[in-house]
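Protein chains in written order, with our numbering: chain A, 229 to 632; chain B, 255 to 327.
Because the hints were derived from the structure by calculation, they are not lab data.
This structure is a prediction, so every number in the text was calculated from the model and none was measured.
The C-beta atom is built at its ideal place from N, Cα and C for all residues, glycine as well.
Wrong hints could be hidden among the right ones.
[To be verified] Quick list of in silico lysine-lysine cross-link-like pairs, DSSO-like style, CA-CA up to 30 Å:
(1) A:Lys524 x B:Lys289
(2) A:Lys392 x A:Lys308
(3) A:Lys397 x A:Lys273
(4) A:Lys524 x A:Lys392
(5) A:Lys271 x B:Lys289
(6) A:Lys397 x A:Lys271
(7) A:Lys392 x B:Lys289
(8) A:Lys308 x A:Lys524
(9) B:Lys289 x A:Lys308
(10) A:Lys524 x A:Lys397
[Said to hold, decoys possible] Chain B is nowhere near these chain A residues, computed Cβ spacing over 12 Å in every case:
(11) Lys308
(12) Ala371
(13) Val375
(14) Ala379
(15) Leu382
(16) Gly438
(17) Leu448
(18) Leu460
(19) Ala488
(20) Ile571
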Amino acid sequence: MALEAITPLLAIVIITALVFDFTNGFHDTANAMATTISTGALKPKVAVAMSAVLNLVGAFLSVEVAKTISGGIVDENGLKTEVIFAALVGAILWNLLTWLLGMPSSSSHALFGGLIGAAVMSVGWGSVNGGTVLTKVVLPAVAAPLVAGLAAMLSTRLTYRISKNADAKATSTGYRAGQIASAGLVSLAHGTNDAQKTMGIITLALITGGAIAPHSDPPLWVILSAGTAMALGTYIGGWRIIRTMGKGLTELAPQQGFAAQTSAATAILASSHLGFSLSTTQVCSGGVMGAGLGRKGGVVRWSVASRMAVAWVLTLPAAALVGAGAEFLTEQGTWGIGLTAAILVAGAAVIWRLSRRNSVTHANVNADEIGTPAAPVEVEPVIIESPVAEATARPAAAVQSPSA
Amino acid sequence: MTIDWAALGTVFGVSLALTVGLVGLFTLGIVALSKRGPAGEREGSAALTTSGAYVCFALCAAAVAYGIYVIVA
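Use the sequences and the hints to build the structure in full.
So, in structure tokens, the structure goes:
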């Protein structure tokens, strides 16, 4: 490809895409590793390192997803480079905000939302395929937690029944090993799916910018940089989200962690290969809740779960709104693009500063009490107002009905 | 707009069956392993439980291998 074809704008888009990829990595570490960390199957640092390596490996395994990036949600023809930039800005800011709040939310939905918002602002409502949004985003978001939750709940019941008379100490090693294997599969699948989304975005930008020919495969440097950015993000670890998923939603014993992670791995692999794509984040959260309900006397903290559901519902429209705002600015010309980039950097800096007030790290991710709660009480930036304080310790309400 | 209910149903069924099956199998394996060893058990039955456990683990390992195959393919 012609390097001279990489304009400053294109370079900004590529960098922004890699930043999104990085946030995607640390947002989604929780999916593979939250339960592995909370049950003590792996030490926190070891868990994120393993996940990062498998993400990187996964990025090289296939480029199928990258070729069908936006999945028909917006009309890719005539998509301008600025629109992609604006979409990424929306997705990154939403990812960072949900991370600050310790909420697992789908990075893919954030990206779709950003794309939709920016495309509508740029070309109007005609560019968005509403039916596709419903079938590819809304329905899977409802189905994913149900599928994984039910599977995790039933298998938790089964495993407790079978191991009723066994020595818990002797079996827990086995459960941990099984959990690590399932978590590894989830990481690998995540690398192939999500790193490719960024590859797809960069490739799309290169094509629209005229740097490479239409229908090209992602160039090697794109695969390499996207895989690395995601692995780095994964290794940094979104500890706030890991804490919510591993300890905030419910308390997990090794049996439950194993059941949750196995249901997540099977549901992800089944969905991506039987033609009905489900979001990894929602599958994993559903698995954790199901495993929580499957144990006799197990509890799910519905207050945390419902805040999570709110975050899921808001993800697409919120990212779309930011994407649309960003697109409005970038349309104004070079100064608008510069301003958007400045807003992105400033927004990220503010969120990072807020996160320092009660930082969650590998050292305290499993602690019963963190000097401050897992997700901020005093920080109430926009949208989701209620505290996630319960994430720290006490079981809320006993739950009898398997209404997951 | 068409919703592919068949695909959704298949995903639901396959996920459910595979998860419950694998978790059950793996649990049988580790329970069998945890029961071997204590005094009073005859040599033969201990060997039987152990090999039973390894069959369970081998089947689970095969499932993981298939999972990796599915990711790569």
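Checked hints:
1. A:Lys524 x B:Lys289: holds, 24 Å
2. A:Lys392 x A:Lys308: violated, 60 Å
3. A:Lys397 x A:Lys273: This hinted pair holds, its Cα atoms lying about 24 Å apart.
4. A:Lys524 x A:Lys392: The given pair, whose Cα atoms are some 12 Å apart, holds under the 30 Å limit.
5. A:Lys271 x B:Lys289: holds, 28 Å
6. A:Lys397 x A:Lys271: The hint holds at about 18 Å.
7. A:Lys392 x B:Lys289: Distance ~12 Å between Lys392 of chain A and Lys289 of chain B Cα, so the pair holds.
8. A:Lys308 x A:Lys524: Given pair Lys308 of chain A, Lys524 of chain A is violated - Cα atoms ~55 Å apart, limit 30 Å.
9. B:Lys289 x A:Lys308: violated, 65 Å
10. A:Lys524 x A:Lys397: holds, 19 Å
11. Lys308: holds, 27 Å
12. Ala371: violated, 6 Å
13. Val375: violated, 5 Å
14. Ala379: Given a closest Cβ separation of 4 Å, the condition is violated.
15. Leu382: violated, 5 Å
16. Gly438: holds, 33 Å
17. Leu448: holds, 18 Å
18. Leu460: Nearest chain B Cβ is 21 Å from Leu460 of chain A, so the label holds.
19. Ala488: violated, 10 Å
20. Ile571: holds, 36 Å
In terms of the numbered hints stated before, the structure departs from hints 2, 8, 9, 12, 13, 14, 15 and 19, listed from lowest to highest.
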